[in-house]
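Residue numbers (my numbering): 6 to 582.
Treat the hints loosely; a few may be bogus.
[Stated by the list, open to error] Heads up, simulated BS3-like pairs for lysine-lysine below, C-alpha to C-alpha not over 25 angstroms straight-line: (1) K281 - K412; (2) K281 - K474; (3) K47 - K192; (4) K261 - K71; (5) K261 - K281; (6) K79 - K51.
Keep in mind the hints are simulated off the structure, nothing from the lab.
Note that the structure is a prediction, hence the values are computed from the model and not measured.
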Amino acid sequence: MARSLIKITIFFIALCLLTISGVKGQQKQITTMHCTAPAYLKAGDKVALITPSYFGAEESTKKAAKVLRSWGFKPVIGPNVGRKHLSKYAGTTEERLTDLRWALRDPDIKAIVCMRGGYGTLHLVEGMPLSEMTAHPKWIIGYSDITTLLCMENCAGVMGIHGVMGCNMAARGGADLSCSLMRDLLKGQVPRYELPANAWNIPGHATGTLVGGNLATFAPLLGTQADALGNSDIILFVEEVEESHHNIDRLFNILKMNGVLARCKGIILGGFTDCKNDVGYENVETMLRQYIEPYNIPLLCCFPAGHEKVNLPLVMGAPVTLDVRTDGATLSFGIPGTPKTVRTEGLFIPENRLEDNSNDFVNITDVVPDAILEIRYFSTYNFVGRRIDGYLQPTALMTRRAADSLKAVSDEVMRMGYRLKIYDAYRPQMAVDNFVRWAEDIPDTMMRQYFYPEVDKSLLFVQDYIAAKSGHTRGSTVDLTLFDMNTEKELDMGGTFDWFGEESHPDFGGNPETGAYHGKPSPAGRTITEEQFRNRMILRAVMLRHGFKPIDSEWWHFTLKDEPYPDTYFEFPVKEL
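Based on the provided sequences and hints, a complete structural model is requested.
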C-alpha cells in the first residue's frame with residue numbers, strides 16, 4: 006500500500022468504529038458464515054478480466070488473456086478496461102462497478118479475474134448490493150485491494166479465491182507454481198497444504214471459515230455490509246505490504262478491540278512484504294503473537310501467500326481445517342473437488358531470516374585494493390534504467406571469507422597482467438524486490454535494446470532471469486570480469502554484463518568443462534570468437550581454482566562454494582563499512 010493511503014485507511018476505520026459504537030441496537034448479529042462454492046470451470050468457459058482498482062497497462066491485459074487461453078478458457082475483457090480516471094484509478098467508480106456487474110450478470114462468464122490491486126475497491130462497497138453476488142455465484146480472483154471484493158462475496162454467501170491476478174499471470178507467463186495451482190483449482194483440484202515447522206507458530210487444531218486477506222484493506226470494512234470478520238468461528242488470514250510495523254500493530258489492535266480475535270478459531274499469517282520495522286520487535290510474527298496467545302488458538306506463520314513472488318491460492322469463505330504441530334502444519338479445504346497435496350517447504354523466506362547485521366562483511370577494496378569497481382546498480386546504466394533500491398554508494402561488499410578468496414584470485418590474475426573489475430557483489434533483499442517489481446511492470450522496457458532485445462519481458466520469471474531470492478543477498482557472490490593492464494581495457498568476453506540471453510551462458514561458443522571451442526551461433530545468429538571464449542575460460546578457471554563455483558546462465562557470476570551464510574539473506578544497504 007502506498008504511504009499516502011494510510012491516513013485514508015485510518016479515517017475509514019475511525020468512521021466504522023463510530024458507527025459500531027454510536028448506533029445502539031443496530032449491531033450486526035453474530036452468526037456462522039456458510040458460503041457456496043461456485044462451479045468449477047471446464048474447457049471453453051469464459052473468464053472475465055476487469056480492473057476494479059488501479060489502472061493497468063493494455064499489454065498486461067493482453068498477456069493475461071493469452072495465459073487464460075493457454076489454460077483452455079475463453080478470456081473476455083470488461084467494457085471499461087483501459088479507461089483511466091484521475092492519475093491512477095481504472096475508470097470512475099461507476100465505470101468500475103459497471104464492469105463488475107457485467108461480469109456477474111453474464112451467464113456465460115464463469116470466473117472473474119481482477120487485473121491488479123492498488124486502491125479503489127472500497128468505493129464499490131455501497132454501490133453493489135450483496136444480493137447481486139448471491140444471485141450470480143462466480144469465482145472472483147485476486148488479492149491486495151481485491152480483498153474488499155472477496156469479503157463482499159463471502160458476506161453474500163459465495164466463496165472467492167485469494168491468489169494471483171491478471172498482472173501476475175502476464176508477468177510470469179502463467180507457468181509458475183502460484184499460477185499453476187490457480188489454474189488447477191479453477192478446474193477442480195483443491196490444494197491441501199503441508200507446511201514446515203516455524204518457531205513462531207502456536208500449535209493447535211481448529212476448524213472454521215477462512216476469511217481475511219490484506220490487513221489494511223479489510224480493517225476499514227468493519228461494521229459495513231462487507232464485514233466478513235463479523236461472523237463467528239472464523240479462521241483469519243492476514244498479509245500486508247509496505248506498512249510500518251507500528252501501523253500493522255494499530256490495525257491489529259483495532260481488530261482486537263472490535264472482538265474479531267475473540268471470534269477466531271485460528272489465525273494464519275502470510276507475507277509481510279517490505280514492512281518497515283520501526284518499533285523494535287524481532288519481526289511481525291513476534292509482534293502479533295502477543296495479541297493472539299491469550300486466546301489459546303492455533304497460529305500458523307509464514308504461509309506463502311501475499312505480495313511475495315510465491316502467492317498460493319486460498320479459497321476464502323471455505324470451511325477449512327487448520328492443524329498446527331511442532332513438526333509442521335496442514336491446511337485443508339472442506340469443499341468438493343479432487344484433493345492435491347502441496348508441500349511448501351522452501352517456498353517462503355520469512356522476515357526473521359533477513360539480517361541487518363553487516364559485522365562479518367568487508368569493503369572488497371579494503372581486501373583487494375587493486376580491484377576496479379563499476380557498480381552498475383548504483384548507476385542508471387542497468388537493465389532497469391534507474392538506481393536500484395539499497396545501493397547508497399558505488400561500492401562493493403562481501404563476507405570476509407569470500408573477500409579473502411577473491412584476494413587470492415586477484416593475486417593470480419595480476420601475475421597474468423590483469424585486474425579484477427567488479428560489477429556487483431553483495432545485493433540487499435530490497436534490491437532484489439526492486440527487480441521483481443520492475444519485472445512485473447510489463448510496459449517498462451526503457452532499457453530493452455541494451456540488455457534484453459530478444460526476450461519477452463513477461464517471461465523473465467519463467468525463464469529465471471529474475472527471481473524473488475538471489476545468492477548475492479547471502480553475501481558471497483560476485484559479478485566480475487578481467488581488466489587488461491596492457492591495453493587498459495576490459496578483456497573482450499564477447500558480451501556485456503547482465504545481457505539476458507543464451508550468449509551469456511558459459512557454454513555459449515564452447516564446452517566450459519573441456520575448454521573446447523565450437524563457435525555455434527545463438528538462435529538470434531550471434532557468435533563469439535575463439536579468443537572471446539578463451540577469455541571467458543581464463544576468468545572461469547582462476548575463480549574455480551580459488552573456491553568459487555559458476556552458474557549455468559552467466560559467465561560473470563561466481564559464488565564461494567563454502568559460503569558462510571548459505572541460508573541467510575541480508576537486508577542492510579550497500580555503502581562503505
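Pairwise hint evaluation, K474 against K281, where the allowed Cα distance is 25 angstroms at most:
holds (19 angstroms)
K79 and K51: Cα distance at most 25 angstroms?
holds (5 angstroms)
For K261 and K281, compute the direct alpha-carbon distance and say whether it is at most 25 angstroms.
The hint holds at about 22 angstroms.
Is K47 within 25 angstroms of K192, Cα to Cα?
Within the cut-off at roughly 6 angstroms; holds.
Take a quick look at whether K281 and K412 sit within 25 angstroms of each other, Cα to Cα.
violated (36 angstroms)
Could you grab the alpha-carbon distance between K261 and K71 and see if it respects the 25 angstroms cut-off?
violated (44 angstroms)
Hints 1, 4, counting from the list given before, are not met by this structure.
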